[in-house]
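I would like the entire structure built from these sequences, with the hints used as guidance.
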Amino acid sequence: MSAPPTQPPVSARPGSWTGRVREAAVGALPPEKLLPEGQPTYVASWIYVFGVASLASLAVIIGSGTILALKGPAWWHFTGVGHFFNSVHLWAVELFFFVMVVHLWGKYWMAAWRGGRARVWVTGAVTFLVAVPCALTGYVSQQNFDAQWISTQAKDAMNGTGIGAFFNLTNFGQMYSYHVLLLPVAVIALVVAHVLLVRRHGVVPPLPLEKR
Amino acid sequence: MFSELHVAVMGAVFNLNHPAHVIEWHFIKLSVANVVVIGLMLAVFALAILAPFPGAASRNAARRSGDGR
Amino acid sequence: MLRSRDDTQPWSGSYAPYDLVKELCIAVGVIALLAVLLTVLFSSPDEKPSTIGQWSRQLPVDFVATAAKELDGTSKTAEYGPPYNHNSGSVQHFFLLHPQRWLGVSHPINTELDYVIDPLETIPGDPTLKSALAEYQAAAEKTRKAWGEAYAKPLEEYEKASEANKPLPKTVTVNESTGEVSVQASGAGPVPTMMASLLTLARAGGLDGSLLTSSQFFQTDYTKPLLFMADGGLLEKRAEAQHLLGEQWGMMNETGSYPGQVWLWLYTFWYQIEPIKSSPSADLQAMLIMAVLSLLFVCIPFLPGIRDIPRRIPLYRVIWREHYRSLGAPPAS
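Protein chains in written order, with the working numbering: chain A, 1 to 212; chain B, 1 to 69; chain C, 1 to 333.
Hints are computed from structural coordinates only; laboratory data are not their basis. Incorrect hints may appear among the rest.
Calculated lysine-lysine pairs in the DSSO-like style (CA-CA distance at most 30 Å, straight line) [claimed, not checked]: (1) Lys170(C) with Lys153(C); (2) Lys170(C) with Lys160(C); (3) Lys22(C) with Lys76(C); (4) Lys48(C) with Lys71(A); (5) Lys170(C) with Lys145(C); (6) Lys277(C) with Lys29(B); (7) Lys76(C) with Lys29(B); (8) Lys237(C) with Lys277(C); (9) Lys33(A) with Lys22(C); (10) Lys142(C) with Lys160(C); (11) Lys22(C) with Lys166(C); (12) Lys76(C) with Lys170(C); (13) Lys145(C) with Lys76(C); (14) Lys29(B) with Lys145(C); (15) Lys237(C) with Lys160(C); (16) Lys237(C) with Lys29(B); (17) Lys170(C) with Lys142(C); (18) Lys153(C) with Lys130(C); (19) Lys145(C) with Lys130(C); (20) Lys29(B) with Lys48(C); (21) Lys153(C) with Lys76(C).
Right, dumping it as structure tokens:
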């Protein structure tokens with residue numbers, strides 16, 4: 001008598017949604033493409049580390065932000081440890097924008113959208129544009145004078161464009177929700193798409209040398 | 001060590017809690033801190049593309065042996 | 001036209017070992033260390049927020065003048081327009097685009113009631129105030145307006161003289177020990193009594209709470225107290241000292257000497273140049289420009305000219321110099 005199967009059967013042409021999703025995912029990004037152990041030999045410049053530095057900054061932002069969220073928005077005003085993590089969070093944001101913009105400069109001067117990589121550029125650019133309001137919602141959630149000033153000033157820009165009708169910078173509860181959940185989820189989703197697209201298409205090859 | 005950590009979390013080495021110095025050029029007004037950040041970004045970008053990247057030997061060996069995926 | 005002469009072929013050349021996961025771990029370590037180092041060196045700013053209580057104690061005339069404008073409907077918030085009310089003092093448009101009007105009043109604020117009448121009605125056991133409120137609310141709209149203007153006039157003269165560093169008119173006096181503001185205004189009806197009580201309530205801290213929890217116990221919406229304070233001069237005074245005003249390029253700045261939001265340089269740039277600088281619709285104009293530029297930024301791969309600059313200004317020769325040098329050497333057979 002044969003042993004019972006230890007795994008469900010795998011069909012050659014799956015008809016189930018699960019099977020089709022699996023085949024599409026593995027087809028687009030087989031494991032050795034998702035996590036290769038080598039890179040083309042033209043990946044030979046420090047400019048290439050600014051993408052991973054952006055990812056790392058985002059990780060530190062989320063880590064420090066999670067600790068701040070665990071203790072609630074008022075904590076950092078009253079304890080040294082809280083102020084420490086607020087400072088880490090603020091400097092990680094400064095570092096994030098710093099390295100992300102250097103990464104952007106590098107990718108522009110490499111014309112990194114070539115070879116079918118337009119979506120890589122688009123997802124990266126949109127990530128930057130979503131990170132800006134994500135930072136804004138953080139600044140107006142500080143519950144200090146800076147938050148009072150920024151919210152009462154920037155509200156005119158929001159109101160003038162009509163956005164203020166549903167996005168109220170002076171509503172702390174709403175801004176905190178956007179900052180802690182909604183906009184970080186958007187940023188992370190965009191970054192995941194961006195990184196998966198980079199892995200799918202590979203790092204853009206060098207521009208051909210122009211004939212002199 | 002704990003007391004040193006306590007001091008570190010309670011206060012900064014440099015106190016930046018005073019009104020900023022501002023650099024004015026025509027109609028542009030930027031705080032010194034922001035000018036430093038912008039300058040650093042340009043310097044880091046220049047360094048990043050100019051500085052040699054480690055692993056040249058390994059890459060040259062790969063080129064010589066024609067290592068494909 | 002949107003397709004470039006993109007002759008980029010998939011890479012068929014050689015690969016060298018490159019540990020991506022190790023690189024990520026090192027990057028996280030380095031960035032975390034940098035963030036902690038910057039924290040230890042500089043910490044972060046935390047300027048305490050202003051309260052209405054502080055405002056009424058530090059700038060009592062400014063407080064009373066602002067409250068008078070809220071009462072007679074001439075404050076910035078009272079005249080603002082959507083999303084707070086149906087006026088048009090701060091309504092912006094750009095040719096046929098009127099998004100502020102289109103999206104409408106979503107956060108109604110009645111400055112007369114919300115900032116003056118309702119808070120005063122919470123004060124118990126004051127028959128003089130009760131009768132003043134009754135007199136005010138029974139009066140016709142025209143009478144209330146006349147009282148409000150009569151009361152506001154000496155305060156406006158006081159503020160103008162103060163701003164111009166001229167001698168202050170004697171019609172407005174502040175009792176330094178009690179903080180009370182006396183305004184000599186004939187024909188102001190019950191308004192002086194109401195304003196005096198409002199100032200007392202504010203100085204005691206009652207107005208901060210009253211404006212926040214007026215509609216429900218649990219509250220996270222600070223719109224009312226913030227707009228009230230922004231109508232006055234305290235926040236602006238503090239902001240100017242910290243280089244946070246618009247004309248100081250304040251959008252980019254942090255309090256103190258900390259680096260701020262450098263990435264907002266292009267947003268604030270448009271506010272500094274004409275005709276946007278002096279336009280009543282400056283915000284909408286600047287935001288529209290940034291929306292268009294943002295779209296162009298996202299679409300760079302499809303824009304002829306902009307996408308070709310990297311080929312024309314060959315920084316790429318520096319970035320890929322090792323690769324180009326290797327092309328000169330024949331491969332091992």
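Tested hints:
| no. | hint | in the structure |
| --- | --- | --- |
| 1 | Lys170(C) with Lys153(C) | 13 Å, holds |
| 2 | Lys170(C) with Lys160(C) | 13 Å, holds |
| 3 | Lys22(C) with Lys76(C) | 56 Å, violated |
| 4 | Lys48(C) with Lys71(A) | 19 Å, holds |
| 5 | Lys170(C) with Lys145(C) | 24 Å, holds |
| 6 | Lys277(C) with Lys29(B) | 15 Å, holds |
| 7 | Lys76(C) with Lys29(B) | 28 Å, holds |
| 8 | Lys237(C) with Lys277(C) | 21 Å, holds |
| 9 | Lys33(A) with Lys22(C) | 17 Å, holds |
| 10 | Lys142(C) with Lys160(C) | 26 Å, holds |
| 11 | Lys22(C) with Lys166(C) | 68 Å, violated |
| 12 | Lys76(C) with Lys170(C) | 27 Å, holds |
| 13 | Lys145(C) with Lys76(C) | 17 Å, holds |
| 14 | Lys29(B) with Lys145(C) | 43 Å, violated |
| 15 | Lys237(C) with Lys160(C) | 16 Å, holds |
| 16 | Lys237(C) with Lys29(B) | 19 Å, holds |
| 17 | Lys170(C) with Lys142(C) | 28 Å, holds |
| 18 | Lys153(C) with Lys130(C) | 25 Å, holds |
| 19 | Lys145(C) with Lys130(C) | 20 Å, holds |
| 20 | Lys29(B) with Lys48(C) | 26 Å, holds |
| 21 | Lys153(C) with Lys76(C) | 17 Å, holds |
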